[in-house]
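J.: Produce the complete structure using the sequences and hints provided.
One line per chain: the protein sequences are H and A, in this order.
Numbering of the first sequence is given in the numbering used here, commencing with residue 1320 and proceeding in unit increments.
Numbering of the second sequence is given in the numbering used here, commencing with residue 1320 and proceeding in unit increments.
Note that these hints are calculated values from the structure, not bench results.
Heads up, some of the hints might be wrong.
Pairs involving identical chains hold if they fit within one copy or between any two copies, as the list cannot separate such chains.
[Unchecked claim] No farther apart than 27 angstroms at their CA atoms in a straight line, the calculated lysine-lysine pairs in the BS3-like style are these:
{"#": "1", "residue 1": "LYS1383", "residue 2": "LYS1496"}
{"#": "2", "residue 1": "LYS1322", "residue 2": "LYS1508"}
{"#": "3", "residue 1": "LYS1341", "residue 2": "LYS1508"}
{"#": "4", "residue 1": "LYS1383", "residue 2": "LYS1341"}
{"#": "5", "residue 1": "LYS1495", "residue 2": "LYS1342"}
{"#": "6", "residue 1": "LYS1392", "residue 2": "LYS1495"}
{"#": "7", "residue 1": "LYS1355", "residue 2": "LYS1460"}
{"#": "8", "residue 1": "LYS1460", "residue 2": "LYS1495"}
{"#": "9", "residue 1": "LYS1460", "residue 2": "LYS1496"}
{"#": "10", "residue 1": "LYS1322", "residue 2": "LYS1342"}
{"#": "11", "residue 1": "LYS1392", "residue 2": "LYS1367"}
{"#": "12", "residue 1": "LYS1322", "residue 2": "LYS1496"}
{"#": "13", "residue 1": "LYS1371", "residue 2": "LYS1461"}
Number of protein chains: 2
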Amino acid sequence: MGKLYVIGIGPGGLDHLTIKAKKAIEESDIIVGYTKYITMVEPLLEGKEIFKTGMKGEEERCRKAIELTKDNKTVSVISTGDAGIYGMAGLILQLENTADVEIIPGVTASSAAASVLGAPLMHDNCNISLSDLMTPYELIKKRVELAAEGDFVISLYNPKSMGRPHYLRECLELVKKHRDGKTPIGVVKNALRDGQEVRIFTLDNFDENVVDMFSIVIIGNSQSYAENNRIITPRGYKVR
Amino acid sequence: MGKLYVIGIGPGGLDHLTIKAKKAIEESDIIVGYTKYITMVEPLLEGKEIFKTGMKGEEERCRKAIELTKDNKTVSVISTGDAGIYGMAGLILQLENTADVEIIPGVTASSAAASVLGAPLMHDNCNISLSDLMTPYELIKKRVELAAEGDFVISLYNPKSMGRPHYLRECLELVKKHRDGKTPIGVVKNALRDGQEVRIFTLDNFDENVVDMFSIVIIGNSQSYAENNRIITPRGYKVR
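T.: Here it is as structure tokens:
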């Protein structure tokens, strides 16, 4: 078996790739990924064999990537953000957990969105996906409410899709049970890549219509505040 | 005022810096950071002015960095991991929230540790710091227990220091109230940099003596399992 890299390419702009991720792509014979992600790293792919599939083809891509290493080829499976947070690392290792597989971490979507918003994640924080494709919605809601109760800064991945437009609204209602209506919320669409848009709201004046499937929603904790179009969460509870 | 970059350099090895972070360091006149972090990027610093201080000098470093930009110099404040997660972004913006400040995200410590462990963070997860320097210990414990109740994968930052050797043990007892004793726990010391050490335990056989202040502790969720010296958290609850 050849080497199999599982790479998080970060938010999508080539500048936010790690040097290690870039090197691994460059030394690969074959690159496997969702069509949209392949486009993001296109300048690095000249002369390489490409295997791309549409959305929801994750398992097909992973099986194909593993199969392609059999001829002693070096293969990279790429996805945005960090390969280890809602990325491809888990599925690959579920299918093929050998020493030939190397996970290369990247900047996860919440870190990218946070950098654009200022410093909302400075304190204890959690990442929750609102996609119910593989998690029961009841468990998602339970997590949102526990995170709100614990005063975690909350980053919502996959905040909206056609099939579940009301989840975001329902989850924010759960947050409101534990957090002031003035708590800042940031929405970043296409963070650190083409088409970036940033909006800052409060829990009370939130407009869910600006959120789409390419957005990350970050809800501040009880200490967070908005200032000059940024959200800042102070580091501690004792000083400010 | 000159440009002020707040940079997360990732886990510490130069290869895991983003291309953007490297460029920002290279175009800076002055680099500000904790002595240990400065050493990590030393090969990039030739000819630059350096301002470094010891641990706990965060506020001094931030004030100095802001002051140094006044002569129209480009200044970079560096810290490990992601600047926006327990990094310097918040403190800088608390002191100087202007358009001249740019936050450059990096690979946070939990992502780095996770990549070494395999794929423990694949599902909803949270970051909790056990340092009580700025958070009351009661709140830290509350968060750990709520995260355990919500079946979050839990990454513990600052899991141990001289002044609070028993916090980690007490927090794991709280986790055990909600999670099986066979739940895998990974400890990564110096993830993706010199001196890396990896250990995998269960909640029942955990050895806290291997943990130090340069470690990240990752506790799996109810679906996580250990296999071939890796921890894998499947992506969902419906399939495995």
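J.: Of the hints stated earlier, which fail here?
T.: 1, 5, 6, 7, 12 and 13
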